[in-house]
Amino acid sequence: MVHLTSEEKALINGLWSKVNVEETGGEALGRLLVVYPWTQRFFDSFGNMSSPSAIMGNPRVKAHGKKVLTSFGEAVKNMDNLKTTFAKLSELHCDKLHVDPENFRLLGNVLLIVLSSHFGKDFTPEVQAAWQKLVAGVATALAHKYH
Amino acid sequence: MSLINSERAIVKSIWDKISSQADAIGAETLERLFCSYPQTKTYFPHFDLHPGSPQLRAHGAKVLAAVGEAVQHIDRMPSALTKLSELHAYILRVDPANFKLLSHCLLVTLAARFPADFSAEVHAAWDKFMSILSSILTEKYR
Numbered sequence: 001m002v003h004l005t006s007e008e009k010a011l012i013n014g015l016w017s018k019v020n021v022e023e024t025g026g027e028a029l030g031r032l033l034v035v036y037p038w039t040q041r042f043f044d045s046f047g048n049m050s051s052p053s054a055i056m057g058n059p060r061v062k063a064h065g066k067k068v069l070t071s072f073g074e075a076v077k078n079m080d081n082l083k084t085t086f087a088k089l090s091e092l093h094c095d096k097l098h099v100d101p102e103n104f105r106l107l108g109n110v111l112l113i114v115l116s117s118h119f120g121k122d123f124t125p126e127v128q129a130a131w132q133k134l135v136a137g138v139a140t141a142l143a144h145k146y147h
Numbered sequence: 148m149s150l151i152n153s154e155r156a157i158v159k160s161i162w163d164k165i166s167s168q169a170d171a172i173g174a175e176t177l178e179r180l181f182c183s184y185p186q187t188k189t190y191f192p193h194f195d196l197h198p199g200s201p202q203l204r205a206h207g208a209k210v211l212a213a214v215g216e217a218v219q220h221i222d223r224m225p226s227a228l229t230k231l232s233e234l235h236a237y238i239l240r241v242d243p244a245n246f247k248l249l250s251h252c253l254l255v256t257l258a259a260r261f262p263a264d265f266s267a268e269v270h271a272a273w274d275k276f277m278s279i280l281s282s283i284l285t286e287k288y289r
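Here the protein sequences come in this chain order: A and B.
Taking the working numbering, the leading residue of the first sequence gets 1, the next gets one more, and so forth.
Taking the working numbering, the leading residue of the second sequence gets 148, the next gets one more, and so forth.
Treat the hints as calculated values from the structure; they're not laboratory data.
Note that the structure is predicted; figures quoted are calculated from it, not measured.
A virtual CB, placed ideally from N, CA and C, is assigned to each residue, including glycine.
You may find that some hints are simply not true.
[What the hints assert, rightly or not] Calculated lysine to any residue pairs in the SDA-like style (CA-CA distance at most 20 angstroms, straight line):
#1 K247/B - L92/A
#2 K275/B - E102/A
#3 K121/A - R260/B
#4 K247/B - N103/A
#5 K145/A - L92/A
#6 K88/A - K18/A
#7 K275/B - P192/B
#8 K121/A - I165/B
#9 K18/A - K247/B
[Said to hold, decoys possible] Part of the chain A face toward chain B, derived, beta carbon under 10 angstroms:
#10 E22
#11 V34
#12 Y36
#13 N109
#14 V110
#15 L112
#16 S116
#17 S117
#18 F119
[Unchecked claim] Label-pair ranges, simulated between beta-carbon atoms:
#19 P201/B - H98/A: 50 to 60 angstroms
#20 P192/B - Q40/A: 42 to 52 angstroms
#21 S166/B - H98/A: 37 to 47 angstroms
#22 H98/A - G199/B: 46 to 56 angstroms
#23 S167/B - N13/A: 44 to 54 angstroms
#24 K188/B - S53/A: 39 to 49 angstroms
#25 A236/B - N13/A: 42 to 52 angstroms
Assemble the whole structure, with the sequences as input and the hints as a guide.
Structure, rendered in structure tokens:
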């Protein structure tokens with residue numbers, strides 16, 4: 001269970017309000033597939049992923065990235081209640097999608113690198129630390145229903 | 148896992164871009180590490196770890212200089228890093244899990260400072276490079 005202080009929540013919300021969910025989601029998912037190519041195993045139907053530029057430009061990657069990050073927005077709205085918020089999604093990822101939870105940790109860190117590249121100096125060590133806690137909490141919540 | 152030629156070229160060219168800020172990058176990397184992963188501070192009970200502390204800056208510079216050495220000798224990293232590898236195995240004995248954390252914080256720092264250069268391809272090459280570097284430094288642990 002992740003416990004975020006009110007300062008940390010403020011830092012998270014402060015950044016999230018400025019995030020372009022569509023672009024950031026596509027970029028984060030794309031980078032996951034580029035930096036950790038074995039993650040492509042879940043996306044055989046997505047078409048051309050033969051090079052970094054093919055992946056980053058792939059419309060299905062972008063669309064799915066947007067979907068994933070939109071869902072992440074629920075985490076930001078429910079920071080005190082992540083396990084309940086992601087219970088159904090957790091079951092889905094286990095029973096239907098068969099995703100190793102390690103992938104949630106990888107994606108979380110890639111997301112933070114994308115946020116860092118977008119926000120630069122504003123992505124201070126303190127902001128990063130708050131976000132690290134949040135992505136770790138989301139990863140744990142998504143793994144919670146695994147059996 | 149080893150770097151292919153295009154990855155080596157990417158790592159070197161980015162290093163050339165960032166090396167003039169190496170000291171500051173090192174300090175920021177450590178600051179991020181200690182902030183996001185407070186448990187890593189346990190290796191530095193003897194340091195003043197406040198942002199801007201001279202010890203933090205000196206140590207950050209040292210760490211980045213070692214990264215630079217690895218870049219300079221990217222074609223023969225294991226032999227170039229023998230001394231550092233022994234230092235980490237026999238003296239420092241930093242738990243291997245921490246190398247991932249430090250590498251991540253370095254990449255976050257690079258992304259923040261050089262967003263235009265930190266493409267997906269560059270991100271991939273540097274993540275792989277740091278992973279290889281970490282393996283070499285933990286190679287003699289047992």
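Hint-by-hint comparison with the structure:
1. K247/B - L92/A: violated, 29 angstroms
2. K275/B - E102/A: holds, 18 angstroms
3. K121/A - R260/B: holds, 8 angstroms
4. K247/B - N103/A: holds, 15 angstroms
5. K145/A - L92/A: Distance ~9 angstroms between K145/A and L92/A Cα, so the pair holds.
6. K88/A - K18/A: violated, 28 angstroms
7. K275/B - P192/B: violated, 31 angstroms
8. K121/A - I165/B: At roughly 16 angstroms apart (the allowed maximum being 20 angstroms), I165/B and K121/A satisfy the hint.
9. K18/A - K247/B: violated, 29 angstroms
10. E22: violated, 17 angstroms
11. V34: holds, 4 angstroms
12. Y36: OK, holds: Y36/A within 10 angstroms of chain B, min 8 angstroms.
13. N109: With Cβ-Cβ at 6 angstroms, under 10 angstroms, it holds.
14. V110: OK, holds: V110/A within 10 angstroms of chain B, min 8 angstroms.
15. L112: holds, 6 angstroms
16. S116: Status holds, d = 4 angstroms.
17. S117: Holds, about 4 angstroms.
18. F119: Holds, about 7 angstroms.
19. P201/B - H98/A: 50 to 60 angstroms: Holds: the Cβ-Cβ distance is about 51 angstroms, inside 50 to 60 angstroms.
20. P192/B - Q40/A: 42 to 52 angstroms: 43 angstroms Cβ-Cβ, so the 42 to 52 angstroms window holds.
21. S166/B - H98/A: 37 to 47 angstroms: holds, 44 angstroms
22. H98/A - G199/B: 46 to 56 angstroms: At roughly 47 angstroms between Cβ atoms, G199/B and H98/A fall inside 46 to 56 angstroms, so the hint holds.
23. S167/B - N13/A: 44 to 54 angstroms: Distance hint for S167/B, N13/A is violated at roughly 36 angstroms.
24. K188/B - S53/A: 39 to 49 angstroms: With Cβ atoms ~40 angstroms apart, the hint holds.
25. A236/B - N13/A: 42 to 52 angstroms: At 44 angstroms between Cβs, range holds.
When the structure is compared with the earlier hints, violations turn up for hints 1, 6, 7, 9, 10 and 23 and for no others.
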